[in-house]
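Enquirer: Residue-level listing of the chains:
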Amino acid sequence: MTLVQDQPARPPRARRLLRRFGSERVLTLVLILFVGLLSIAPLARLLHAALFPQGAFDAARIADILGGRRVLEATFNTLWIACAATLLATVVGTLAALLTSLTDMRRRTLWVFGFVLPLMIPPQVTALAWVQAFSPASPILGPLGLSLPPGTRHPLYSMGGIIFLLGLYNAPLVFLSVRASLQRLPASLIEAAHANGANAGAVTRDIVLPLIRGGIFAGAALAFVSSIGNFGIQAMLGIPARIPTLITLIYQRLNAYGPSALNDMALLALLLALLTVIGMTLTAWLGRRGDQRVDAAQRPPRMALGRWRLPVSGVAWLYLALCLLLPISALFGTALVRGYGVPLTLETITFENFANALFQHEGIRSAFLTSLWLTLLTVAILIPAAVALGYVLSWRRGWIARLLRIASELAYALPGIIIGVAMILFFLRPLPFIGTGLYGTVWVILAAYLSNFLALALRPILGGYAQIDRALDEAAQLAGAGVFARLRDIVLPALAPSAMAAAILVFMTAVNEIQVSVLLVSSRATTIGPMIIFLEEAGSSTLAAAVGCLMVLLVLALMGLSLLVGRRLPEGVLPWRD
Amino acid sequence: MSDIRISGIDKSYGQTQVLRQVSLSIEAGEFIAVLGPSGCGKTTLLRCLAGFERLNGGRIEIGGETVSAPGRHLAPEHRGIGVVFQNYALWPHMSVAQNVAYGLKIAGIPRSERNSRVSKVLDLVELGPLAHRRPADLSGGQRQRVALARCLAMESRVVLLDEPLANLDVHLRGTLEEEFAAFHARSGATMFYITHDQSEALALADRVAVMDKGRILQFDRPEALFSQPQSETVAGFIGEGRVLEAEDIRPLGDGHAAASVLGRPVRLRCAPGETARRRGKIAFHPGDLHLTNAAEAIPCNVTRATYRGAYLRAEVMAGPAGDIPLSVNIAAPAALSRGQRISLALRDGWVIPDAAPSHPS
Chain X
1285 MTLVQDQPAR
1295 PPRARRLLRR
1305 FGSERVLTLV
1315 LILFVGLLSI
1325 APLARLLHAA
1335 LFPQGAFDAA
1345 RIADILGGRR
1355 VLEATFNTLW
1365 IACAATLLAT
1375 VVGTLAALLT
1385 SLTDMRRRTL
1395 WVFGFVLPLM
1405 IPPQVTALAW
1415 VQAFSPASPI
1425 LGPLGLSLPP
1435 GTRHPLYSMG
1445 GIIFLLGLYN
1455 APLVFLSVRA
1465 SLQRLPASLI
1475 EAAHANGANA
1485 GAVTRDIVLP
1495 LIRGGIFAGA
1505 ALAFVSSIGN
1515 FGIQAMLGIP
1525 ARIPTLITLI
1535 YQRLNAYGPS
1545 ALNDMALLAL
1555 LLALLTVIGM
1565 TLTAWLGRRG
1575 DQRVDAAQRP
1585 PRMALGRWRL
1595 PVSGVAWLYL
1605 ALCLLLPISA
1615 LFGTALVRGY
1625 GVPLTLETIT
1635 FENFANALFQ
1645 HEGIRSAFLT
1655 SLWLTLLTVA
1665 ILIPAAVALG
1675 YVLSWRRGWI
1685 ARLLRIASEL
1695 AYALPGIIIG
1705 VAMILFFLRP
1715 LPFIGTGLYG
1725 TVWVILAAYL
1735 SNFLALALRP
1745 ILGGYAQIDR
1755 ALDEAAQLAG
1765 AGVFARLRDI
1775 VLPALAPSAM
1785 AAAILVFMTA
1795 VNEIQVSVLL
1805 VSSRATTIGP
1815 MIIFLEEAGS
1825 STLAAAVGCL
1835 MVLLVLALMG
1845 LSLLVGRRLP
1855 EGVLPWRD
Chain E
45 MSDIRISGID
55 KSYGQTQVLR
65 QVSLSIEAGE
75 FIAVLGPSGC
85 GKTTLLRCLA
95 GFERLNGGRI
105 EIGGETVSAP
115 GRHLAPEHRG
125 IGVVFQNYAL
135 WPHMSVAQNV
145 AYGLKIAGIP
155 RSERNSRVSK
165 VLDLVELGPL
175 AHRRPADLSG
185 GQRQRVALAR
195 CLAMESRVVL
205 LDEPLANLDV
215 HLRGTLEEEF
225 AAFHARSGAT
235 MFYITHDQSE
245 ALALADRVAV
255 MDKGRILQFD
265 RPEALFSQPQ
275 SETVAGFIGE
285 GRVLEAEDIR
295 PLGDGHAAAS
305 VLGRPVRLRC
315 APGETARRRG
325 KIAFHPGDLH
335 LTNAAEAIPC
345 NVTRATYRGA
355 YLRAEVMAGP
365 AGDIPLSVNI
375 AAPAALSRGQ
385 RISLALRDGW
395 VIPDAAPSHP
405 S
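These protein sequences, in sequence, are chains X and E. For the first sequence, our numbering gives the first residue as 1285, with consecutive numbering after it. For the second sequence, our numbering gives the first residue as 45, with consecutive numbering after it.
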């Protein structure tokens, strides 16, 4: 149904018609403006700056930039790191999903919470925590005498270190996707295989794995996108290790040369976007050829591990201890001593860093407050926008709905740093009515947040719409209610749990994020996410660790809070709930 | 004024054409049913009337006002039409009274007047004591009455019903059919009832439109559909109708015609303008066949006999070659066995007009 209406413009009638067709038409126009300004226009500007910087297409310039030794090296590193990390994440995530969904492993619910937790911790904090894990302050490796002697090269400052951390960081993404596939697996298919005499191993290999192939590859696609665009880990490990990737190259050159490097960096951002889209499409295509069975039938019975139950559970818990406790405890250990390298003992323990971070350090406090109100504002704008957008995407047909969907998904699939470059380009020039540019102000960060997190907010809300009977809306329409009255009176009450879940997801992602805002922060406007990198670069490791600890505590508090109200939220939206 | 004029409407989704040149003329206060198999386009027709779908061609007028035409589309919220949805679409977060009052609230009717109108309507459908219940706490029949009360409160002059009985069990259906008839008598609204169940359509409606593959095949009174089908499809669809080849059709001038069916002379009803034809199709029902001893009867071979309570249903092979399957109802008490030879007489039948009403595509 197209919403824009061609009507003869006779004054008295035109007025009546505006009232009649007004509400839906206004809504659609606002949505087109919203998505167009925040997603399509900046990306179009990026495309233009990358390919036509002086108004003309210059193949020699493009070949010159992309053929540079550093760029070639960064491109190769990016691809290698993303592919290897995706492979690692896929293997670990799939194993974890099989273990928790199909077996009677002990304490599954708690394990799932712990396995998914790293996904919610900002990557720069993860990287910092792992770096600290080998420091003398580590309460685990330190007492064991396994910490690095001073002067040796840190093992994580390497290609292998980046791949290892990215792989572990993205394993929960694959886990969630595979688990969703497993939950749709019809129980009868597994029971039929058992009836034919297949044992647990044969069932997993011959029946389960082929049937969840789609879920595995969908998870791998997510892991690829997330790995290639993960600024936090690539920067925290790659910059000290002098392993350039496309993301860190863009960041370093823009920092070094400022806006004069923008056009060239736009080209690199475009290259990164291209690699992302190719990788994602390829992985999704590989998964699509599998047999995808969607069935709401009963869930398969759990296979008994028998005498393997204890060892398997032990290995699983050991993994969690290694991936969660080791880095997090080291992070707290570093945050609790006066200087980097001081071992943590009863004499050296101090809360000075926390006090500094919370009360003394002006920059940290203002960055935290900026992040907090920016995030709240983002949630306040995005949730109503996503509810309205979901209405058009779910219940209206036609090219407008299709275009809106592609545009809103695009900004989310691309690495945040690309949105950052696009936003700088878009807002660098003075705005038509205000007369000054927004570049360097906090409003550019807000625009980037709105653009990047729209799809994140949209996903649970679209799921909510799928649960609502459309006739409820149509009945209200027949009762004479315009689209805004229907959204308020009919849709929102039914959608409230999904909207709540979307708000939690957006809040938790935006309050700690780094990749979107790292290029946009300025002396006037800094967010808390990049603060860790700035502190670490400035040599304040202990203060950085304290800020990291506070972020982890904030994430844990929010997750706990969401579990408390979780009973009312729809199932399967919050990833850390089993 | 609530007459409905549907003239030559077309509707397609992408490549599939769902409605082809549909025309219906419905008088104010009439109860009409649209009858057809699933996928015939009847729900699309209802959604076009309600304003949820735009037309590709043609025009819909309600009470003299054009509500749908290419380049003109009155939004559903301004049509003043009531719809009873298949699942009733009661808003789950509102009480019964709030459900009924919502349209009045949107229309800006003051609270006191709203409350009195709502309680009056709820009393009419005998839901007064349940006004503060949630829809989830109501039975299927009560939900339907809430849906009807919603239309009553809005004083909708046109009420569309989208297979409202399809999801209910057989026992409830009879009672609820009566509710619709009572609602129609009380409100005087024009009713447009969509169904795939012919017993519902024939029992409720003043006139029934039979639909197939996006076309209206015949729009007529129920008894006319049954006894004077205008096409083979309608004849075969209504009341277990059977269509056979007839030869040597000669109109007798008094609304009847003589013809030869399965090699036997029969007397049939026919349309006033019927002309003599060498061949044609005739329609009849199992009840038109009777056991007989007359010499001019149709010889048959019983292939299967089933006990149906009041009568015995026999499947027989008839005709000179014994290759024409027929069904016949024989009043109980009777005994037939497989392989038995019997003779049947065709006491009534209808000559299907040669040029079935043409539908330009």
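These aren't lab readings, by the way, just hints derived from the structure by calculation. Cβ coordinates follow ideal geometry from the N, Cα and C atoms, glycine included. Hints are supplied without guarantee of correctness; some may be wrong.
Under 7 Å between C-beta atoms, here's a sample of chain E residues computed to sit facing chain X [unchecked claim]:
id: 1; residue: 127
id: 2; residue: 129
id: 3; residue: 133
id: 4; residue: 137
id: 5; residue: 147
id: 6; residue: 212
id: 7; residue: 256
id: 8; residue: 343
id: 9; residue: 349
id: 10; residue: 351
id: 11; residue: 355
Enquirer: Each hint: holds or not?
Expert: Do the hints match the structure? See the list:
With its C-beta approaching chain X no nearer than about 5 Å, residue 127 of chain E sits inside the 7 Å limit, and its interface hint holds. A cut of 7 Å between beta carbons decides the hint on residue 129 of chain E: the least distance to chain X is about 4 Å, and the hint holds. Look at residue 133 of chain E: its Cβ gets to within about 4 Å of chain X, closer than 7 Å, so that hint holds up. Taken as an interface hint, residue 137 of chain E checks out: its beta carbon lies about 4 Å from the nearest beta carbon of chain X, inside 7 Å.
Here the hint on residue 147 of chain E is kept, as its CB sits about 3 Å from the closest CB of chain X, short of 7 Å. Nearest Cβ of chain X to the Cβ of residue 212 of chain E: about 16 Å, over the 7 Å cut. The hint is violated. Because the closest C-beta pair between residue 256 of chain E and chain X is about 25 Å apart, greater than 7 Å, the hint is violated. For residue 343 of chain E, the interface hint is violated, since its Cβ never comes within 7 Å of a Cβ in chain X; the closest pair sits about 53 Å apart.
About 41 Å separates the beta-carbon of residue 349 of chain E from the nearest beta-carbon of chain X, more than 7 Å, and the hint is not met. Hint on residue 351 of chain E is violated. Least Cβ distance to chain X is approximately 39 Å, over the 7 Å limit. Interface restraint check for residue 355 of chain E: the shortest CB-CB distance to chain X comes to about 42 Å, outside 7 Å, so the restraint is violated.
Checked against the numbered hints given earlier, this structure breaks hints 6, 7, 8, 9, 10, 11; the rest are met.
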